[in-house]
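Enquirer: Listed below, chain by chain, are the residues.
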Amino acid sequence: MKLKFSWDTGIGIGIILFGVFILLNALNMPDMPLGLGPGDFPEIVSIGLIICGFILTFQSFFISEKTKKIYSKSSVKDVLILIFISLLYVYLVKYIGFLYLTPFLMLATMYLFGYKKLPYAIVISVIFTLLVYYVFYGIFKVPLPQFSLF
Amino acid sequence: MINYWVEGLKIALQPNNLLLMLIGTVGGIIVGALPGVTSSMGIILLLPFTYYLDPKSALLMLAGMYSGSMFGGSISAVLLGVPGTPSAAATLIDGYPLGRQGKAGKAIFTALIASFSGGILSGIVLVFLAPILASFALRFSPIDYFALAIFGLSIIASVSGKHLLKGIISGLLGLFISTVGIENIRGSTRFTFGISQLSAGFELLPVLIGVFAITEILMELEQKGQETKIQHRISEVFLTKEEFKSIIIPILVGAIIGIVIGVIPGTGGTIATFLAYNVLKNISKRKEKFGKGAVEGVAVVECANNAVTGGAMVPTLALGVPGDVVTAVMLGAMILIGVRPGPLLFQATPDLVYSFFAGWFIIQFMMLVVGFVSTLTAPYILEIPKKILMPIVLIFAIIGSFAIRNSLYDVAIALIFGLLGYFMRKHNFPATPLILGIILGPMAEQNLNRALILSGNDYTVMFKSPISLTLLILAVFIDSFRCHFRQKRR
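Which chain is which? The protein sequence lines are A and B, in order.
Per our numbering, residue 1 is the first one in the first sequence, and the count goes up by one each step.
Per our numbering, residue 1001 is the first one in the second sequence, and the count goes up by one each step.
If you're looking for bench data, these hints aren't it; they were derived computationally from the structure.
Hints are supplied without guarantee of correctness; some may be wrong.
[To be verified] List time: in silico DSS-like cross-link candidates among lysine-lysine, alpha-carbon distance up to 30 Å:
(1) A:K141 with B:K1241
(2) B:K1426 with A:K77
(3) B:K1241 with A:K73
(4) A:K117 with B:K1224
(5) B:K1241 with B:K1289
Here the structure is a predicted model, which means the values were calculated and not measured.
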């Protein structure tokens, strides 16, 4: 009998390994004479994950998934780019500041979503950033990151 | 009790609270109407506006968002042929054909009247039933609270649909996430791996923002270029006398079914709307008109949809167990603004509870007025392209994550959970169980710990307490009930 390997197989194995990882860490936690120890609840959860991981892996061998592709190269690329530029934004904003950096994030995101009218995109990004900055920093007093390079 | 109502009304009628309820209702209708922005997402994104408010005011604003978003979903269902919220899917059946007949305004107006009626009728049940349930829950011992948490977690079975195993995995992951940080038993840290920011665990809101808002942005990014266009224009709005009479019975049917379904945790608007529609169609003498643009079809569905809101708030407020997906988010939001739902809420802060009750009814009237205006202005809102809307949502998501603790670390968490949520969505792992696990995990662990200490490590105590045993049996029984209705709907 030929076994079918699919995304669910990999995910199931990943869940089993993750469950084992949690279990090993939980077993190292001290027990308590009465009531739950710090590791008891995570142990129950990890055992549940391991069992479910096995069932998922087992099921994946015999239940055929739809043949439709789950990911397309271009969409995965866009998703990863958006997450990357957002994380880069998080790293840089504490130096460059919310007011100066956010329009660029908005521009980049609009471009990724396919908005190609650059003049309009610049106007929308700047106006929206100013509005949000005023509302959250000016009215709600949220201490948004400020420029701090020099 | 009358004193509480008087105090509650005084608080709700304060000008700043009236303004906040109005803003919440308008915000809720807008987010409900926009496809790609779900009610849960909308509530999460509007949360940062409530951080700096008094909990009573913040709760009133949240209630406005909740009610408004339930009605808002009907606008895009009628005008775009796309439900703005999942529970507005049934509105499409008759709402969209009505739009095709040039009666889009009439369809939305019917939805508004029905939503208003559902909100009022379910509000009446809420104010009577919630205090009774809360006073009963005061008798709960720790093991009963543990069983209640399990009952709440059993919602996983119904929100997972046909992906039950994946829902359970998602729930278990949520339970694991809830264990990260300093634990209550010995005060030691768990699973922080030396990262100091993890000592406090994961803040709930960045996780919610990640899983509901950022995941949605990533999913929309995959479908970029696929904009939905308005199909119908608004012309006549008001119903004739005969049409008005014809929606009375549907409203009553929708209200009863919506309230009952709403009170049962884990069911929610989608089940209530389709069930109400089926029941009305079966008892109607003119079945043939359904599906072709019957105002009765729109009325029963929208009434059920909004009736669920009051019903779902009963277990949420009284027990701290969410009634549906949106109230799960509401529950998380309430915890964030410093309101801990549960029976003690009614004892400790009756002014907050009764101001919420008073505000609930005021919000329904606000929704009536605002909803009427939105009927005329909706086409302009819906024409905002996603290429502009989604970047705006991203910025709100970033600010929302940042503003809780003024920490960029929380923004990074939101982005990481957004990516995780995207991966989960692509592989049919439902997100709601993850959130349920995070919210109910601490309740389950802490109360089981207390119960075991009190009983001397006797695990059978959960079967010895009648309340605990009943809740565990109900969890199984109601799960079968929920699953049966989901099967029937399919």
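Enquirer: Decide, hint by hint, whether the structure agrees.
Expert: Going down the list of hints, with the structure as the test:
1. A:K141 with B:K1241: With a Cα-Cα distance of about 52 Å, the restraint between K141 of chain A and K1241 of chain B is violated, given a limit of 30 Å.
2. B:K1426 with A:K77: holds (15 Å)
3. B:K1241 with A:K73: violated (57 Å)
4. A:K117 with B:K1224: holds (15 Å)
5. B:K1241 with B:K1289: OK: K1241 of chain B and K1289 of chain B at ~19 Å, within 30 Å.
Hints 1, 3 from the earlier list are contradicted by this structure; the remaining hints agree with it.
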